[in-house]
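We have chain B; now place chains L and S onto it with these hints.
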Amino acid sequence: MSVEAHEIIPMPQPEPAGREESIPEAARRKLSSPWASGLVILITILWTIPTFGLLVTSLRPSSQAQNSGWWTIFTDPTMTLSNYSEVITGGSVIPNGIEPYFWNSFAIAIPAAIFPLVLASMAAYAIAWIPFKGSTFVFFTIFALQVIPLQMSLLPLLTMFNKGWSLGPIPIFPDLNKPGSEQSIFVGTYIPLWVAHTMFALPLAIFLLHNFVSQLPRELFEAARVDGASHFLIFRKLVLPLTVPAIASFAIFQFLWVWNDLLVALTFAGGTPDVAPITAYLASIKGSYGSQLHLVTAGAFVAIIVPLIVFFSLQRFFVRGLLAGSVKG
Amino acid sequence: MEELTAGLTKVGTGLAAVAIFLGLLLVIFFIGARAKGKLQFPAAMIVFLGPAILLLAYGLIAPAFLTTVGSFQNPNGNEFVGFANYSWIFTTEANRTFLTNTAMWIIIAPLVSTGIGLMLALLLDRMRRESISKSLIFMPMAISFVGAGIIWGLVYEYRDPAETQVGLLSQVVMWLGVEEPPNWLLWQPWNNFLLMVIMIWIQVGFAMVVLSAAIKAIPGDVVEAAELDGATGWKLFSRVTIPMVRGTLIVVFTTIMIAVLKIFDIVRTMTNGNFGTQVVANEMYAQAFVQFDVGRGSALAVVLFVAVIPLIAYNVIQLRKERTIR
Amino acid sequence: MTASMRRRGATILVGGVAATMLLAACGGSSSSSESSSEAAAPSESAMASEGGGDVAAGCEAYAAYMGNEGTSVTLFTSVLPPEQQRYEDAWKPFEDCTGIDIVYEGSDQFEAQLPTRIAGGNAPDLAWIPQPGLLAKLVQQGGPVPAPQSVADNVDQYWNPAWKAYGSVDGTFYGAPNSSNMKSFVWYSPKVFAEKGYTVPTTWDELFALSDQMVADGIKPWCGGIESGGATGWPATDWLEQVVLRTQGGDVYDQWVAHEVLFNSPQITEAMDTISGWMKNPDYVNGGFGNVQTIATTAFQDAGKPILDAKCGMLQQASFYAAQWESFQPGAVVAEDGDVFAFFLPQIKDEFPNPVVGGGEFTTAFSDRPEVQAAQTYLSSAEYATARAAQPGGWVSANSGVPLDTYTDAIAKLSAQFLTDPNGIFRFDASDLMPAAVGAGAEWTQMTAWFGEDKPTADVLQAIDDAWPAS
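Chains as they are written, first to last, in this note's numbering: chain B, 1 to 329; chain L, 1 to 326; chain S, 1 to 471.
One chain only, chain B, in its complex shape (with noise of 0.2 Å):
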């Protein structure tokens, strides 16, 4: 009862050349029914109707976004891009724009996607491939590790950051002081935020990345030990290339949670432009501008264009990443 014989792969598949094959096809034409079809599309349609509703009422002029459905655009199609040009540079309504938001979206999303990935896969090759006492408690604890409610966790890393962290009199982590001033040298930069969204993300990228790495073939590691290799030359000669693929689908998974993240970024990073993200000012906006459907509407359109974008063109490696750690039999 299990598809692992069929999940030995280094390289994920691409999808739909590995399916074509599995079924023949008159099955296949057998198994289809318009209703099934119907079915599917219906339920798109559904699922896709509410999102829309946004980007129509975004797109809609202050007083009719305010008065009427967005679905009587159909009856009365006024359009504007003003909601938007107000939202990302400013104007009369909301002063300030999204436009550094939206840089500091990057700037925290990009290395926090990437610092968990390959810390997770070294952790993760270390557990499943270097033989040691107790490697099966470690990856479950990892594993029951997902559940600690984050918000739990935060106020103890805000204080080592801001206060250094000692136990007794041993310092695990400096107090690190700006010259001359009290404000720890980490106020104002993205650095807590980038260790925060690491730590959070570890639990679930060890295992997802373990069921992965773990399902390596064995002979490979075997014939280049027997070689001499290291593991710091094996892990980046061979598990290394190998998982790159399942460490970019994972990636793609962690920036999108980054960028949608509000709770991490609100306690390490305030609401100031310098370092807050996008999440951060569309929640300002919300709260400040709530009657202002048009414009918080445009907000978070554009809060949400980049996990789109990034979304649908790496949709491909986001699929193949899901299957190599979930799919398990």
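Don't read these hints as lab results, they were simulated from the structure. Wrong hints could be hidden among the right ones.
[Stated by the list, open to error] Examples of chain B residues toward chain L, derived with CB under 8 Å:
id, residue
1, V118
2, I130
3, A144
4, V296
No residue lacks a Cβ here, since even glycine has one placed at the ideal position from N, Cα and C.
Chains L and S only, in chain B's frame:
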């Protein structure tokens, strides 16, 4: 132009950080590889597992421990109060709401999400042009909770039936002949389900994609063999497909359930837990960060943690089987 | 709308408040002398720069704050744009002259973020704390630095002693008030009133006669909204405070804050019954939105919109609501003869004249660096309050150093008049004084249930009492 330069500098900072990080690792690897003989094993362990363990210990394990201690303390966290916070959770009449709601959430939302996801995966499996549907259904996964709150606000918005409607749901039921649609977010107990719809909307895509992949991964000869035995339709589904993807189903269900347990954003933005929609995670946030009662907030966090333990234990048992097979 | 308009969480030692108020009443000088040593730094620096004599032209007013060029002071608040810009415009000359950069940060998660940041060692230099209860809680945990003598002097000179008491904890003075909200207003459309021949009511009976008249004319007289994200319910607590102060007077109000008069007492029940006949009266509400229940789901920011469309007659909201009208109707004029204006919510009993419920935030410091003290002192000065009051948007200060004619805004002027009225009964927003479990917890959620779910009054009041912390 100035803004753009500033923006690109910010992105550049991020990229530079990645470069430094990778460069540093490369150096460490170079040094680590020098380790010979007995030093080889510890060097590898420290470099490969060390950073992850350290980060986890500080970022998750220590806080979990501190929270557990805090759950036995008073609001200011400077005096032990025994099980008072726990007895407050379970014996206060008003708290029934969030306990039963959470129970409902963790059963219904994952079940429905996984169910619809599985159905879609099966249906999509029979369709030729699946990718557009797949992408659109998966799309909500890419949207933040803040964004989702705004999107669904447009759906559930209530206006007096005599006025022009702005909320989609009200308008639709009015078109269907209902003259006085309810104020959706006040409509107990159904408002809970309306909030769950948002979570389901987000999670179905995830379930669908993963399950669809699992179904595709079923070897063709297995299906063929079953068909030769005369298995079709429901029989093929229940006897072959489901057992073949069982493991994946469990992973999907678990992942969604954990997400549901921790979720507070949806409830917080839509109703703030009013009108009988409170859940444990939002109550925890309110206690810890609005009312500054660290004791109760911690106790609620521990309750969440404990609630998932059976599920995790089950998963661990499953994983164990697999690991020993390998 | 700014988050400062939401009044939120507070934890407090109730006895502490009473004690503080007593102390202040007996003479605020004791607390000021204690903190005199703190004031040394800014005055020294002021001396130094005066000695240097390098005060640029036009900067004479800022001479006392000189000597801190190139420094910056972080200010954390719950006030979001567009208000932020008005503040920045107001203190621009101060920044230009002194070289102190005030770095402004507003967050709608202010109350949750501030304690987290202080505990995490990332406290801002200054914060505007809207709740005396929160201030007391922070002082208890450590973090706030007592205000320097220069600030205390300003407050003694310009403010009613009650305000100093609300900015003090256990007799130590921490912060001068920044803005002050006058919460006892009723918003209406002068145009509609003129059209229909209504006159502004000056007694409670007239107010209700007018309401009935509106019902007869086919206008719902009242609208309201108490949805406010994580703080949903606060406007309803304001209504309760208005009625309690009007029907029971200041003494019962203080006892209520101290939990000596319980929620589930005849006095508060009576106040709730009064509201039942007002904001929970199905004939009266909810103009433009629907039935009584919609009060619970209508955002407080949106609540007044139907007034401009003549779908609703009146809205009970604070002075800060003045900033909201512009967003409903660009160019909306807030004036006695404009699109919208406010009148004083009349007293109910003659024995309790001119009752005013108000709020405000207190400029609290978390550092005693000279530039922080300079900024804190400047923010408590009449010059700052006057500069800020000259900005649009209905900002009000209870600072008596602001000449009344500075207020270009009619609402602000009216608010200032009531807030400085020596004969009125002024009380700070009660829920901001109560423990957070009540003032930022049970009272919000229970009042929301009262409106949204029609929960029985006795159950609502009992549930709030049950949530009162034991100690």
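Taking the hints in turn, this is what the structure says about them:
{"no.": "1", "hint": "V118", "result": "7 Å, holds"}
{"no.": "2", "hint": "I130", "result": "6 Å, holds"}
{"no.": "3", "hint": "A144", "result": "5 Å, holds"}
{"no.": "4", "hint": "V296", "result": "6 Å, holds"}
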